[in-house]
Amino acid sequence: MLLDISNLTVKYPSRHGEFTALKDVTLTLEAGEILGLVGESGAGKSTVGNAVIGLLAKPGFVDHGRITLTGQQLVGRPEPEMELLRGARVGMIFQDPMTSLNPLETVGWQLCETIMLHKHCTRRAARTHAIDMMESVGIRDAGERFDHYPHQFSGGMRQRVVIALAICGDPDVIIADEPTTALDVSVQSTILDLLRTICRERGVGMILVTHDMGVIAEVADRVAVMYRGEVVEVGKTREILTAPQHKYTQSLISAVPRADVKIERFPLISYIEDAGTPDLARLKARWTKPKGAQSDIALSVRDMSVEFITQRAWTGRKSKVFRAVQSVSFDIPRGTTLGIVGESGSGKSTIARTIAGIYQPAEGEVTLNGMSLTKASTRDAKLRRRDLQMIFQDPYSSLNARMRVQQIIAEPILFQKGRAARDEAMRTADDLLDIVGLGGAAGRKFPHEFSGGQRQRISIARALATGANFIICDEPTSALDVSIQAQLLNLLKDLQQELGLTLLFISHDLPVVRQMCDRVCVMKKGVIVEQQETEQLFASPQHAYSQQLLALAPKLLR
Amino acid sequence: MFKSFSHFLQSDLVYNFTRSRVAVGSAVVALLIIAASMLAPVLSPQNPFDLMSLDIMESNLPPAWESGGDPKFLLGTDDQGRDMLSATLYGLRISLIIGVLSVALSLLVGVTLGLVSGYLGGIVDTLIMRVADVQLSFPAILIALIVDGAFRILLDKEMHDRAAIYVIILAIAASGWVQYARTVRSCVLSEKGKEYVEAARIIGLGPVLIMVRHILPNVMGPVFVVATLHIAMAIIIEATLSFLGLGLPPTTPSLGTLIRTGNEYLFSGDWWITIFPGAALMIFSLSVNLFGDWLRDAMNPKLL
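Heads up: the protein sequence lines correspond to chains B and E, in order. Counted the way this note's numbering counts, the first sequence spans residues 1 to 558. Counted the way this note's numbering counts, the second sequence spans residues 559 to 862.
FYI, nobody ran anything at the bench for these hints, they're computed from the structure. This one's a predicted model, so the numbers in the text were calculated from it and none came from an experiment. Treat the hints loosely; a few may be bogus.
[Stated by the list, open to error] Derived lysine-lysine pairs resembling DSSO-like cross-links, with alpha carbons at most 30 Å apart:
1. B:Lys445 x B:Lys493
2. B:Lys417 x E:Lys752
3. B:Lys320 x E:Lys752
4. B:Lys375 x E:Lys750
5. E:Lys750 x B:Lys524
Take these sequences, add in the hints, and give me the full structure.
Here's what the structure looks like:
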C-alpha cells in the first residue's frame, strides 16, 4: 500500500468553538492508481490533500489519526523533515495555473530550481532533466520554451508546466486539487489524459480532488465521496456512478444535469441543504396577474449589435471599437425559455445587459411585450423595462451587503409605488421569501448570513417582486454546487410553470441548457452560429462549432 | 437600532479588537484623554480663560513636586500665572474640537466628491481628480498657511482672533479632503462594477439613489480608517500652525499655542510650560494613530 490514511481528524479552532473539518477519514491509495475525491464545497476534500502534504491552513491541526506513506508516519513530523518530503515524495498540482507559477521567473528556471533542490545536481544536468520533463508532459519545442515566462504560455500549457513541476522530484504520490476547474472543456480532456498517462507510466498514486462528477468518470479508478468532513462511500468508479449506496451519493449523482436526456425535474435532491419547498398554491393565488392583451412574443431582438470603445480618441471617429455582439436576432415566445450558450467572451452576457438597459446597442431593435425599447425615450424605455428583471451569476456580489434581505426585495416595489406602499411592500417581501423556500423570517437577516444557493433564491425573489414576467438569468447557477444548482433549476421551472414567466437563460454549461431551455442559440465571438430547438440541437447539431461543443461536454457514463 | 448594535458587538471586528492589546490600550488612552478634555471645566482647578483669576505673582512656578512648587498648581504655571494642568486640559479640548470638526468637514467634501467622481466618471471625474492632484502637490501646512494668510488680510486683527478657530478648521479641511476623495473614488470604481449595482439600475433607480443608498454604505469602511488617522494628523497640523503663531491667539490657547509660549522659556529652565502640553499632544496622537493602524489592518489589509 502506497498511502494509508486512517481515522484522520482535522479541527479548526475558532471563536465559535472548534470546527471539525475532517472526521475519521480513512482512505488508501495504491501505486499507479487514481483515487477521485468528490464532494461539494466545504466537504473537506481539499483539507485531505493539505493534511497529506502537511500544509494545513492555520489554525487548523490534526487532532488524531495517521497518514502513512510507504510505512512512514507523516502526522506530527517536524517541519524541516516535511520540507524534504514535499516535492520529493509528495507532489502537488493546484487549481489555477495562472497563479501557481511565479510570473517573474522563466518556466525553465522554476523547474531547474526544483530539480536541483531534490536531486542535488549541477545546473547543466538540471536543465537537461527539465527539458525532458517538459517534453514528457507534452510541451513541444521544450528547448526553446525553456526560457519563456509563464505569461507566454496558454492556460492549458501552464497547467502542463505545473504538472511537470509536480513530477520532476519523482514523487510517489501526487495530489491534484481541482486541476482542470480553471480550464476550458476542450483543454480539460487533454490534461486529464496526461494525468492518467503519468500515473500509469510512472506508477504514481494520485489523489484527484474535484467537485465535478464528469472529471471523476473520465479518469478515476476509485472514488471516495465526501460529505461534511466524512467519507460516506468509497468504491470503484463505475459502481459508485451506476449503483450508489449512500443516500447522499444518490442525490449528488441525480443532481448532475445530463446532456443526453431531458428530464422534467431533478429528483432526490432534498438530502443536501434544507431549503424548503416553494408554496406553489399561494404563489398561484397571489402572484398570477392577468396582463391584458399582449403579443405572443415576449421579447424580440432584431439585428442588434453592441460596441465597446477600447481606445478613445479626441475625435470620435478615430476611436477604436470592439464589436462584442454582431447583429444578432431572436424571438422568445411568451412562457418559454431561450438559452444562449457559448464560451467566455462570446458576448452572451453583453446581450443580457443590453436588453436590460445597462449597455446601449449600437444598432438594431429590442422589443419587449410588443413595445420597442430602443425606439423610445429614455423615460419610456425605463417604464417599459419594468416587466423585465435579471438574476446574476455571482450570489456574493449581486446583493447589497449593507441592506437587510427584506429591504433588498422591497426596494423595487417601493421604487415603483412610492413610500406609501411601505407596509404592502414589506408584506410582499416576506411572502416572496416564503415562496422561494426561505421563510418570511429570513427577511430580517443580512445577505452574508445565507449560503450561495440561498442568496440566489433571494435574487429570484427580488426579480419577482414587481411582478416582472420576463427574467434574464445570467449563469444563475455556475457558482453553485450541483445539488444546489438542481434545487434552483427546479425552483425556476416551478415558477415559470405557475407564473408563465419568459426566461432568457445564459450558460456555458450544455447539460444545464438542455434541461432548462426550449430553444438554444449557440454563440461564438459575438455571432449566433446556430439557433435551434433544444432537442434538435442536441440530436443533430448543424454548425461545426456546436458539434465541437457537444462532443467536449463531460459525460457521466459512457 | 438596538438589534443592529448587538449585531455590531458580535462582529469579528469587535472580537478582534478585544483580542488586540495594542488596540484596546490605545483606545483606552485616547478615550481617557478625550473624556478628560471634554470634562475640562469640571476637572481643572482654574479657568485659564478667565484673566481675572490669574495672578502675575504666581507666574513661572515649577510643578508641585519640585522645590519652589505650589501644591495649588500641580503641573506648575506659565508666564501669566496660568495653572498648566488647566491650560493643558482646555488646550486639549480646543485642539480636539478643531481636529474633529476639520476632519468632519474634509470627510463631507471628500466623500461627496469622490463618490460623484467615481460613479459618473468621464469629464467630471477628470476635473475633480486633477484639482485633487494639484491640491496634493502642495504640502498640507502650506495650504493651511495660505488659507490662514488670506483671512488675515481680509479680516482685521480682532475679527481674526475671534474667527481664528473657524479659519483654522477650514484651512486643515482644505488640505485634507483629497485623501478621502481618492480613497472613496477607488472604492466606488470597484463597487460600481458589482452586480448589486447593476441590479439597482435594472430596477430603475437613478444615479443619486444608487450612489447614496447602495454604494455609499459599502465604501464607508476605509473612510473611517482614513478619518481616524486624519484626526491625529489634523491635531498635529493645528499645533504646528499655532506654534508658528498662525493659529489660535494666546488668550484661548490650544496645545500648539501653549507649546510656543513655553518654548520661549525652555532654555531658562522653565521646562514644564512646554513639556506638559507637548506630552499631551504626543500621547494623544500616538494612541489615536495606533488605534487607526489597527483599524486599517482589521478592516482590510489590502486597502490604503
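Taking the hints in turn, this is what the structure says about them:
1. With a C-alpha separation of about 27 Å, the suggested pairing of B:Lys445 with B:Lys493 holds against the 30 Å cut-off.
2. Among the hinted pairs, B:Lys417 with E:Lys752 is consistent with the structure: their alpha-carbon atoms are about 26 Å apart, no more than 30 Å.
3. For the hint linking B:Lys320 to E:Lys752, the alpha-carbon distance of about 26 Å falls within 30 Å, and the restraint holds.
4. Distance hint between B:Lys375 and E:Lys750 is fulfilled; the C-alpha atoms sit about 27 Å from each other, no more than 30 Å.
5. For the hint linking E:Lys750 to B:Lys524, the alpha-carbon distance of about 28 Å falls within 30 Å, and the restraint holds.
Going through the hint list in order, the structure satisfies each hint without exception.
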